[in-house]
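Add chain B to chain A, keeping to what the hints say.
As given, the protein sequences belong to chains A and B, one line each in that order. Just so it is clear: in the first sequence, position 51 is 51 by this note's numbering, and no numbers are missing. Just so it is clear: in the second sequence, position 16 is 16 by this note's numbering, and no numbers are missing.
Hints may contain errors.
If we take Cβ atoms under 10 Å as the criterion, some of the chain A residues that face chain B in the derived model are [what the hints assert, rightly or not]:
no. : residue
1   : Gly81
2   : Thr129
3   : Gly141
4   : Trp170
5   : Val283
Hint data in this document are derived by calculation from the structure and do not stem from the laboratory. Just so you know, even glycine gets a beta-carbon here, dropped at the ideal spot from N, CA and C.
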Amino acid sequence: MYQYIAKRVLLTIPTLLGAAALVFLLMRLIPGDICLVRLGGGGGSFDPKALIACHAEIGVDKPTIVQFLDFMWGIVRFDFGTSMWSGKPVATEILARLPISLEIAILGTAVAIAIAIPLGTISALRQNTWLDVAVRIFAIGGIATPSFWLGIMSVLLVLDVSAAITGTPWMPPIDYVPIWKDPIRNLSMAILPAITVGYRYAAVSMRMTRSAMLEVMREDYVRTARAKGLVAKLIVNRHALKNALLPVVTLLGIEFAFLIGGLVVTEQVFNLNGVGRLFVQAVQNQDYTLTQALVMLTVAIFVFTNLLVDLLYGWLDPRIHFA
Amino acid sequence: MRSWILTAALLAGLPAHAETPKPGGTLTYMIAADGGPSLDGHKETTYAVLHATAPFYSTLIRVNPDNPSSTDDFVCDLCTEMPQPTDGGLIFRFKIRQGVKFHDGSRLTAHDVAASWRRIVFPPEGVSSAREAVYPMVDKIEDPDDTTVVFKLKYATLSFLPALADPWAFIYSKAVLDKDQHYYERNIMGSGPFKYAGYEIGQAIHGVRNPDYYHPGQPYLDGFNAIFAPKQQTRVDAIRGDRAALEFRGMSPTARDQLTKDLGDKISVQESDWNCGNVFTPNHKRKPFDDVRVRRALFMAVDQWGGAQALQKIAIVRTVGGLVFPGSPLAATKDELSRLPGFHPDIEKSRAEARRLLKEAGAEGLTVEMLNRNVDQPYIIVGTWLVDEFRKIGVTVTQNIVPTGPWLDKMRSGDFQLAMEANCQMVVNPIADVGRYLPHDIYKENFAYHDDAKQVEIYERMLHETDPTKARVLIREYEKQVIDVGAHQLPTLWFYRIVPMRSYVKGWKVSTSHYLNQNLANIWLDR
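Just chain B, same shape as in the assembly:
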């Protein structure tokens, strides 16, 4: 059997502290992008910024770095212990560690934490916060003293804590922000495990160990070099030639196979389902997709179970799932999914029904165009597979593959019939994550352009539900409304994260998103 399966299985099975970390060394890794825009984590959304800057910053709480594949294991970073909410789940009171220093030597207090969070949730005039909309439940953020931060909510919700573990929520210095709200767009000054040591524009960023870091013994590395390398072949060659140890976002199955073949036991691979799902969107404003029968027929043509088996060999997709990340306790089981169009296990029966629906809707022999993004992995591959699936019910689909800018522009202007999209989130936060399926009037970046009062009503109930069991029932109802009753959008195969790395890299664990667990504090080098 392939050695990587064994390696991944071994890694997954190893206890967190099976080996004693060795201090020292410099990690060189690659970022699969051409540099990022600004350096401000509150403002940006591309992982290129996060992979370059996360090692310099602290956050209030985070996904457990020793268990990042868990969808509900949150631990303190700057706080001293995870709080129990009070007042019926409306108040979260965090105690902040004492003795934490920013890299300029100044003391980090609760005022810095509160100022940073206010900047994210209630950005001042002229400041852009990319994730402001994630916190509609937050009413106030208070800092009554140097060691306490209090979040007061408008309503209790299960989506708050995962939202608080946002890896982009860097804690900035209040004193710096008071002087210049845009300072962090051009500069780095945090309290994280590494201190900024230089940035060559568009090429590389460097960090050195922060000796004052507050997690005992960490970081293990003396420093790191992060090199921007947008071409996959370059990254594969660089790992092979040991010019870099890894690239954290993920590589294709073919790249993994090539590296394991070439390097044998010098490479290890970690893999995980990825909180990033493909979404197939028909434009409800365009005929014949204003007819639910036509939309449902298209969904029913797709053999997700069969497709998953074939596509995982060539693309970064693997798991069949509904609206919720498959690893979450709130996700649909296979049995629950099998009742929805697009997930029926008997594909021939499903396609026969699809043909009947098309005939009934007068849409036989349909010829349409599907908008897609010019990104191979996995957009074009999944799009091409869908084209073939639709052909099996007599629908001819051609792909209009365009660059990211025009792709987004066409979807926003409604200038498309069908579109391939993705729903990529960070911390698994099922209730917040499925908000992207809400009608366009509520969520502006939904491009199905549908109306569905029932769907909105279910979502509202779900958002205010604090009992996970009841929330799970509501999510199923919501999922049925989106995929079956309204046939608004079809989630197709979920992304699959494959991270091959030089086997001397230890301590890092793959997470459910390439945005998580990137501060490098727990990485060490065994050489």
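Bound-form chain A, shown alone:
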């Protein structure tokens, strides 16, 4: 298995380099100039000499091929450069945002698992009953509701309900504090986005759990287990659910990877200073170095999450071997 893991990790290197080269070229195809955005974005006057100085400072006055070679050489040395916008190392910029994105991703996934697996299972076991219909409506609601709307509504709901109860509107904090510094403040900020994200995420997973369970429950080995006289709870927990979880785990893995860098709207609605917001900001500002690093981070997260999911398959289904 270790050989398998090593091989998969090594395979990520060309993937990352290819993604880096592609995003390097694509970013330069977008019309615009980071120095112009920086100096002229406010609609005010600026000195043309400042524009030239800005180009020289961030190195965009060099020929593209030289910039590309500098960039690739930096990657080889694990030096992703400095943000063209802030002048800070891109690693510093990303690490400042990663904890909040990671926390929301983990909490969102926990919420999703807590909702999706029990409800999906119940829905499958009670197929075509009122319970099944209710769960399916709940799931479709989650898929159909845009997360920005849900986010805005949840904040407004909290404000209105708190105003109605206490006479003073209350809302969660809008600045992030790490959980180890102030757990209550941290969780009060993170809980609404986690529920907002988790609901949508749960809705998709719930439907997947339901259909996988329905399929597994019709398998021969489940019928055999029933014929042996095993109690229903044991059949579901030990035999059916574990096997039904294979596609659900795949989905959870993909969604988790997406949550790290893809929570653009949720991060904006809840004023979370996360990786998704940084991504949009970097593209809008045409910050090439930061965008390149973020794309590579996203690719790496997807690759490693997929690897983790593959390893989980082996635990869930002992017939799967890694060679």
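Okay, now just chain B, sitting in the frame of chain A:
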């Protein structure tokens, strides 16, 4: 009537020292942006940097913080008194306060002031100064002793003093600059009312009271937290939930109305005309806009007086004005404006003339594209209004709305027919501010791509004029040249600044620009 009108009127009418400031407390405010680039005020232009860093720094002079809506009330910050120019207006000699300390405990002297100003006006190799071009009149900056700074000008001009009140002109330590000219891009160390207490990248910046501050009794606050919050809905919710007291840049009329409805007397609102005007620019290099009749026809289609009434309900615009900020003594009166195309009070007559001009130029049934920026307030709203105004003379305009980068790029490369722009300045400095209408050969960020020797000649005379009455006459001549004779660019509605805040925030007064009066020294909390 709406309570905010009453509140604003009351605030405007209150004398500056009607209430005794209460010391203490921490102000939490928001900055409507995603963090700024570097921390160096000399280098940057976005207000996100200024709102985050101004409380840490001093300046030589400034717009009077107790009267910031005035366009010509400048007072000393680090100097001891405003100087009378000598040698025919060519020499300004400033005496610098003694006993001022930087936050690291070192003494601030005239050498620090001079070094900072030299960095702005004559930046050394490898240093970027965003506002270097604002000071073409400065010949030398001298610091003959510890308490004197002398500005020697190449020519006397009315534009010098307002330019000197630049809120970005932070005074840095000469000793620090001598060691590293880029130190202030990454660090904060000033002599302002607040000391730096921490920065969480892209999220928040914190300051604590500077006990050694040189303005007696100030600052009143123990400290501040400035939180970056780019979404307006988040900012509105945060004020409502009292997670933050205000956001200084300004909010839309709908946000103001929502907050006043929800919070009643717990919210107060300050409003002001904003030294930021919309500008409609036809590209003279593109047909048919090389024809002055077509450009003038488009200007004449616009009902600015009627538009102002409607748009102020939904957008951050309100006042009809010409090239100069409407609150300035050098601005055109309504009567003066009414003689220019785009400002005629009889809009039907004006549009009939516009149709005639288009017919004469062979440009009837014109279909064109207007470049605009993907910013709702007010670019897209004003752009959409203009599209409808042009339709009324038979011109079909579609908007090409793009992000800031491509918007600037297309204008700079001349790849557009019509464009919506803005002219946003800081301290009201009419002569310097209207310089942005100069032809592209002179001012590189003018995208009308026109030539006009007469306009340049008027500007030169205006720049060297020191009598305000004569300067006013020249500005009218310049305005007529830009809007009427050449029909180069049309200033449309001026921005309007609306700042709703928790009513416990006292002492702060709205100014003509979101760049001004941001050092927070005069703010106190009544709770």
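Hint by hint, here is what the structure shows:
1. The restraint placing A/Gly81 at the interface with chain B is violated, with a minimum CB-CB distance near 15 Å, outside the 10 Å limit.
2. Taking 10 Å as the C-beta cut-off, the interface hint given for A/Thr129 is violated, the closest approach to chain B being about 41 Å.
3. This hint is violated: A/Gly141 has a C-beta 22 Å from the nearest C-beta of chain B, more than the 10 Å allowed.
4. Because the beta carbon of A/Trp170 sits about 6 Å from the nearest beta carbon in chain B, less than 10 Å, this interface hint is met.
5. Because the closest C-beta pair between A/Val283 and chain B is about 9 Å apart, less than 10 Å, the hint holds.
When the structure is compared with the earlier hints, violations turn up for hints 1, 2 and 3 and for no others.
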